[in-house]
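Protein chains: 2
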Amino acid sequence: MRLAVLRRHGILILIVLTLTTFATSARSAGPNDTITLQKILARLIGEEAVSQGAWNKLAYLTDRIGPRLSGSPGAAEAIVWATQEFHRDGFRPVTEKIMVPHWVRGEETAGIVSPAPRKLLVTALGMSVPTPPDGITADLVEAGSLDELKALGEKVRGKIVLFYRVMQRDREGDDYGPGANLRFRGASAAARLGAVGMLLRSLGTLSAHLPHTGTMGYEDGVEQIPAAALAAEDADLLHRLLASGDPVRVRLTLGCHLLPDAESANVMADLKGRTHPEEFVVIGGHLDSWDLGNGAIDDGAGVAVSMEALRLLKTLGLQPRRTIRAVLFMNEENGTRGGKGYAEAHRGELEKHVAAVESDSGAGPPIGFGVTAGPGSVERVASIAQALEPVGEAHFVKTGGGGTDIGPMKTAGVPLLSLRQDMTYYFDYHHTAADTLDKVDPRALADNAVAMAYMAYALADLDAPLPRIPEDQRQDGEK
Amino acid sequence: MRLAVLRRHGILILIVLTLTTFATSARSAGPNDTITLQKILARLIGEEAVSQGAWNKLAYLTDRIGPRLSGSPGAAEAIVWATQEFHRDGFRPVTEKIMVPHWVRGEETAGIVSPAPRKLLVTALGMSVPTPPDGITADLVEAGSLDELKALGEKVRGKIVLFYRVMQRDREGDDYGPGANLRFRGASAAARLGAVGMLLRSLGTLSAHLPHTGTMGYEDGVEQIPAAALAAEDADLLHRLLASGDPVRVRLTLGCHLLPDAESANVMADLKGRTHPEEFVVIGGHLDSWDLGNGAIDDGAGVAVSMEALRLLKTLGLQPRRTIRAVLFMNEENGTRGGKGYAEAHRGELEKHVAAVESDSGAGPPIGFGVTAGPGSVERVASIAQALEPVGEAHFVKTGGGGTDIGPMKTAGVPLLSLRQDMTYYFDYHHTAADTLDKVDPRALADNAVAMAYMAYALADLDAPLPRIPEDQRQDGEK
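Same order as they appear, the protein sequences are chains A and B.
Using my numbering, you'd call the opening residue of the first sequence number 1 and step up by one each time.
Using my numbering, you'd call the opening residue of the second sequence number 1 and step up by one each time.
Excised from the complex, chain A in its bound form (with noise of 0.2 Å):
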């Protein structure tokens, strides 16, 4: 109904309709209130339409630098990139040191050598250990789950695990979560049988001939052998051959290696709060890409998004109580930290951190926030998010909320959302050489980085700050 207004008698209706229902608290909010807000979101959505500012902040971080996983010149490169483009917009940006792990891919290549000789496409798991330069031949066992592996039993010894499952499209991408334990757990779970090599079909909703990376470790006092995702494709044929019965044997060979540790650091820059200058919302995405593709949707997008905010918040003169701090982190793919390296760095100051935000869910068109906080604060920012009905389904929100590199920050309590976004077609591209930028809509782009900006804004400028997370939840949940 009140859709059907606007459209036909403009924006005014709809501020007025809002004012009656939301009246009491916008009045009782001071300078939170939701006319405020209202005119702040519509000029952030008119500044962006105009400037495009996050998509021609992902073009350039993805077309001219592109791939940049820790430690590589691509991720030294963004880290410059970034600090002059804060610089640009009219911040004083600052790097943080941080040690990152530094893999490298090298050679990777596997075949069937029976019953069918085929080429298969693979690629090593990001920290897998190299093959023998010559590679590693064995007989294949197949285990959809950890489970099953460990039915297998003694079958597995002397051979290469497949790890088949297949990954199911999903808007909110949940079932990436019980992939990715398989994918980071299933080399350690099957040496610990007797296994030399570890295959795993792609994390991924699309077929085509695109292998998927992604991180995976290693337990202590287990054999490291090593890791790759196979090419849905592939995967799905030596799944087809093992159905037949017939034996199937394959030889793998990496050349993935991990050097010493290389220095680099996270990137950020504050917007200064008005009478709050001390306490800090922070927003962020990752600097670092996996090495195959570009980085767009994971996670270019949310360091656009970001910086974006920022920028946008700047150049309408917007300043909060309190300051915004963007942080661009480094190393969320393989070791978190950034993440880490933040929360230690800065942790005599985490009871000034009011709120911190993440975007890492690809460049679709946001759906909302998730929220870990204290008791009615999903209430909370749900009344501040109701503004934002025009932008996609940001003005959605639930509970749940974080991101890997404001992950560390639990433990003081912070509240933590994260920025949703439509991952229909996210694990698509993700972690593939076709994570590019054509993978993303511009328009949707300019929803997040608008929506961003709007919940930093508001979330900086609240009376009192949303209630911490409640001491007994603060355990650290993400990886």
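These aren't lab readings, by the way, just hints derived from the structure by calculation.
Hints may be right or wrong, so weigh each one.
Across the chosen pairs, the derived CB separations fall in these ranges [unchecked claim]:
| hint | chain 1 | residue 1 | chain 2 | residue 2 | range |
| --- | --- | --- | --- | --- | --- |
| 1 | A | 106 | B | 441 | 31 to 41 Å |
| 2 | A | 109 | B | 51 | 30 to 40 Å |
| 3 | A | 224 | B | 180 | 46 to 56 Å |
| 4 | B | 255 | A | 46 | 52 to 62 Å |
| 5 | A | 174 | B | 246 | 36 to 46 Å |
What you are looking at is a predicted structure, and each value in this text was computed from that prediction instead of being measured.
Backbone N, C-alpha and C fix where the C-beta goes; we use that ideal spot for every residue, glycine too.
Position chain B against the provided structure of chain A, taking the given hints into account.
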């Protein structure tokens, strides 16, 4: 109306209604009447649903044999398999020797030298010459068409030409023709203006970092320059960099080369006609595929459908008046030596070829038949196809049919038909490494086999064959 009745009262109603509509023509047609044809169709549908014969053939051909470019071991293996499979189905297959081009892919790498150094994903176009071993490095110049290229004139000299044209998705695949023309003729057109290499945005409708190969040619007397297709993302990146006005320098290395012609063969089998065994209806697809994928949609599907159509009829004891011959052509992709070879070897008998039907537009649901023949043929085929209403959209018939392999029979006036498939997603995977079994829907494949078997039977059992292509329309327009 007719369909609504069918849904409520079942198949009998359909038969009665159809009888009412076509009673006159049906009664005059002897054994090839509507009731007989509908009974035959019902038996074909039932047998294929139970046997899944087409699927099983395709699964073996693609999973167990895989890529089968002319002259390759896979192509040779496919010939052996097809021969054995025809035997298993109760036929006495014949292989007819032909000589085929033997082009092999080698190293293929490319990259941006400046302004944004980056790997580019390329694949050589079929029949391309190699670059020197160290590759070629040159500035890029872009053209959207051969006309645009020509307009560039002297600006092309010494450059690598990027043909940039974004292919449109289309159920009938109509946008492939213009793109394929550019792919085939682009290199010589560019070389005539002094270009040193050619790059093409892959002819495809999905951006998933997946280069599409395909054949190209060289004009006599023009320098032969290397030619490759770029993954869509990489072509888009080059396009954006060029649009910014910066000079863009790229490096291209191709190791592909042409070996002496190799011995190969068409494979064929006959279901002997009941009264006119010396007259033929040819049905077929092509046994060769590109080397990158497993040739499931191009054209394992056509092979499986043609072989299975013959088996279905034999298994069900359905013997039409004339002989139905399944021909699995070799070398459709880069030379049409199989199609030309068949027409030459059977030149004397082509007068006795009453029709030829090719299936080579994928494995999508059937959307009908295309017909190129004498006056009244489309109507006659449409009348036959009417009964196919339960089989996808196979009952639609349009003017204009044929196929690359049966095209050489055109000069003899043989009525040419195509079994057409829905090509909406065909060019997502066509000529790529992702042309694999998982792209095929078993039900759609079965529908195609049934449609082919039915049409072949009906054409071979006609009282009077379709009128032949008029003399003045017999020039072979197929490539």
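The hints, checked one at a time:
1. For residue 106/A and residue 441/B, the hinted distance range of 31 to 41 Å is satisfied, since their beta carbons lie about 39 Å from each other.
2. The supplied range of 30 to 40 Å is met by residue 109/A and residue 51/B, whose beta-carbon atoms lie about 39 Å from each other.
3. Distance hint for residue 224/A and residue 180/B: a CB-CB separation of about 49 Å, consistent with the stated range 46 to 56 Å.
4. For the pair residue 255/B and residue 46/A, the beta carbons lie near 54 Å from each other, so the given range of 52 to 62 Å is met.
5. With their beta carbons about 43 Å apart, residue 174/A and residue 246/B fall inside the hinted range of 36 to 46 Å.
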